[in-house]
Amino acid sequence: MSTREFFRKVIGIDPEQCAPTYRSTYPGQQKTLDISHNVILYLEDITVSFDGFKALNKLTLAIDAGELRCIIGPNGAGKTTMMDVITGKTRPDSGSAFFGQSIDLTRLTEPEIAHAGIGRKFQKPTIFEQHSVFQNLELAMKTDKRVCRSLCARLANEERDAVADTLRQIRLGGEAGRPAGLLSHGQKQWLEIGMLLVQQPKLLLLDEPVAGMTDDETMRTAELFVSLAGKHSLVVVEHDMAFIKELGGKVSVLHEGSVLAEGDLDSVQNDQRVIEVYLGR
Amino acid sequence: MHKPITLRVINALDRKSALALAVFLALTLFAVPLLHLMVPPESAWHVSAYAITLFGKIMCYAVVAVAMDLIWGYGGILSLGHGLFFALGGYAFGMYLMRQIGRDGSYQSDLPDFMVFLDWKELPWYWSGSDSLWWVAALVVVIPALIAFVFGYFAFRSRIKGVYFSIITQALTYAAMLLFFRNETGFGGNNGFTDFKRILGYSITSPYTRLVLFGLSALMLAATLIFARALVRSKYGRVLTAIRDAESRVMFIGYNPLWYKLFVWTLSAVLCAIAGALYVPQVGIINPSEMSTANSIEIAIWVAVGGRGTLIGPVIGAFVVNLAKSWFTVSFPEYWLFFLGLLFILVTLLLPHGLLGLWKKLRQSRGVRA
Numbered sequence: 001m002s003t004r005e006f007f008r009k010v011i012g013i014d015p016e017q018c019a020p021t022y023r024s025t026y027p028g029q030q031k032t033l034d035i036s037h038n039v040i041l042y043l044e045d046i047t048v049s050f051d052g053f054k055a056l057n058k059l060t061l062a063i064d065a066g067e068l069r070c071i072i073g074p075n076g077a078g079k080t081t082m083m084d085v086i087t088g089k090t091r092p093d094s095g096s097a098f099f100g101q102s103i104d105l106t107r108l109t110e111p112e113i114a115h116a117g118i119g120r121k122f123q124k125p126t127i128f129e130q131h132s133v134f135q136n137l138e139l140a141m142k143t144d145k146r147v148c149r150s151l152c153a154r155l156a157n158e159e160r161d162a163v164a165d166t167l168r169q170i171r172l173g174g175e176a177g178r179p180a181g182l183l184s185h186g187q188k189q190w191l192e193i194g195m196l197l198v199q200q201p202k203l204l205l206l207d208e209p210v211a212g213m214t215d216d217e218t219m220r221t222a223e224l225f226v227s228l229a230g231k232h233s234l235v236v237v238e239h240d241m242a243f244i245k246e247l248g249g250k251v252s253v254l255h256e257g258s259v260l261a262e263g264d265l266d267s268v269q270n271d272q273r274v275i276e277v278y279l280g281r
Numbered sequence: 001m002h003k004p005i006t007l008r009v010i011n012a013l014d015r016k017s018a019l020a021l022a023v024f025l026a027l028t029l030f031a032v033p034l035l036h037l038m039v040p041p042e043s044a045w046h047v048s049a050y051a052i053t054l055f056g057k058i059m060c061y062a063v064v065a066v067a068m069d070l071i072w073g074y075g076g077i078l079s080l081g082h083g084l085f086f087a088l089g090g091y092a093f094g095m096y097l098m099r100q101i102g103r104d105g106s107y108q109s110d111l112p113d114f115m116v117f118l119d120w121k122e123l124p125w126y127w128s129g130s131d132s133l134w135w136v137a138a139l140v141v142v143i144p145a146l147i148a149f150v151f152g153y154f155a156f157r158s159r160i161k162g163v164y165f166s167i168i169t170q171a172l173t174y175a176a177m178l179l180f181f182r183n184e185t186g187f188g189g190n191n192g193f194t195d196f197k198r199i200l201g202y203s204i205t206s207p208y209t210r211l212v213l214f215g216l217s218a219l220m221l222a223a224t225l226i227f228a229r230a231l232v233r234s235k236y237g238r239v240l241t242a243i244r245d246a247e248s249r250v251m252f253i254g255y256n257p258l259w260y261k262l263f264v265w266t267l268s269a270v271l272c273a274i275a276g277a278l279y280v281p282q283v284g285i286i287n288p289s290e291m292s293t294a295n296s297i298e299i300a301i302w303v304a305v306g307g308r309g310t311l312i313g314p315v316i317g318a319f320v321v322n323l324a325k326s327w328f329t330v331s332f333p334e335y336w337l338f339f340l341g342l343l344f345i346l347v348t349l350l351l352p353h354g355l356l357g358l359w360k361k362l363r364q365s366r367g368v369r370a
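Residue numbers (my numbering), protein chains in the order written: chain A, 1 to 281; chain B, 1 to 370.
Any given hint might turn out to be false.
Stretches of chain A that chain B covers, calculated by requiring three or more beta carbons in the stretch to come under 8 Å of a beta carbon on chain B [said to hold, decoys possible]:
| # | stretch |
| --- | --- |
| 1 | 121–131 |
| 2 | 146–154 |
| 3 | 231–244 |
Quick list of the computed label-pair ranges, beta carbon to beta carbon [claimed, not checked]:
| # | chain 1 | residue 1 | chain 2 | residue 2 | range |
| --- | --- | --- | --- | --- | --- |
| 4 | A | 185 | B | 154 | 50 to 58 Å |
| 5 | B | 159 | A | 66 | 32 to 40 Å |
| 6 | A | 216 | B | 349 | 41 to 49 Å |
| 7 | A | 157 | B | 39 | 51 to 59 Å |
| 8 | A | 52 | B | 339 | 35 to 43 Å |
| 9 | B | 201 | A | 181 | 17 to 25 Å |
Source of the hints: derived by calculation from the structure; they are not laboratory data. Predicted model only: the values in this text are computed from it and were never measured. Just so you know, even glycine gets a beta-carbon here, dropped at the ideal spot from N, CA and C.
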């Protein structure tokens, strides 16, 4: 009996499930993203259950290259779990998740997926509070992220410029030297978005990016996202309908772990089933 | 584009630190030897052999404290088993010291006394080469590094963190202690190694040997500090503290924390081992009690008292706690552990940033008033 079998049978825990292993090589790095069918992300029949509760239930979702997609749904609909599956934090019980045509996300670890070109913003702003705003961006910047490189890494001038550009873009130019922990909540959200941008991902997953922002900041975020669409693909999870209206993309409604309705905001808002489970309440 | 590493290390020092380092080296490499050898023992300026051994020992501890701080203060990994690596370095070097005794042991045998006592006829295979200083020096580095690497690889790969990691390291050093207590293990059982006579043919009790070991400890401490400083100021250091503060974010921007943790963990173990190798000839004994869990916890206390996440803090902590210890264990031996426990509770409750944090706070409040 292998160790894994022993744990699974005798203790009832599958070690691979509790502790997905890090891997040293990055298969995702070698494979280039293939979007020849114009689909950048393809989730098919994904099921994830926690203690019998199905967080995702045969979820099928396809995101086109360059698309800006909004995901809405009541709490517990599986929005964050879906992001966890795409970024490798949670392994699906069944189903497949492909990035482009050829990169199987269910076989990669979190850093590998990041290198393949998927960036993620968490629901709660997650930044390095002890580091300065500049250093936060420096660490996120797309580069060789192995230990041997980091030991003697120096910022090249172009990289410095890229950080400065991003700082302007996220309106934190004046805060570059401040510890990130001192920023306001909205600024932290922007910084995390900035960290995604310098990472130059093909696909951005944004979990409630405007939570805690002022109306003004929210509208500026919408502008930024709209300007990013086309070059990047974006998946935005939000509750703020005004913000979603501003983004203007296709909307998918998640309910009990699968897609309930899909279409533009107006058609979704008038869908009887959607009104029942979500909007009507 | 790439400057040589030595130049970069020197550049990493600002003037104040460079000055402090120069004073430290001048004191330990010139002033202390002169005061020990030239000034007669009656004079108040004489530095006694006791003081040299004591400070030499504490400097080794300070290296361990800095090594601990690298993983705990900067990496957020609390090891409660670092005494193991210290002791392994000590044992490896102790093998050489045992061989240097030659036929001068109580049994006048080529074998170390404890082997004769066990009625062993020849050296076990893992003792071969132990009469060569270079071979042993390699063992001091390689064995702890290998153990740390393998242990760390599996622990970090399985994403064992926080208190679980601490408990496992504690179990590791405890298991090693039980192993080394056994006579059959071939490292002298519960007596360990002692009664050393020579090192490189020089008498181990001669004042010159003592001063050389003292000086080497000082150089090791200085080198550790300079190196650690360059490390924590590099991008690597920033990634390490980022892992400490928000590991999932680090993963999602494409760093693999496994190798970052494993590097600093192994490095820390090697620093401890070298400190252990310098420690053993100065105190003249190594036995399995160095691997006891209490010893490893004490290392964490030095760092906490001095102030973790700073480099000079742990050095101060190691000095303060150990000087207090050497005074306490002479004056009130039975109260030392109570004092140590009390100290740890007080520091945790009142001084979360240690003595260095207190000092910074005092300076700040004075600056505000002035």
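Exercise for the section: Tell me, in ascending order, the numbers of any earlier hints that this structure violates. Expected result: 3, 4, 8 and 9
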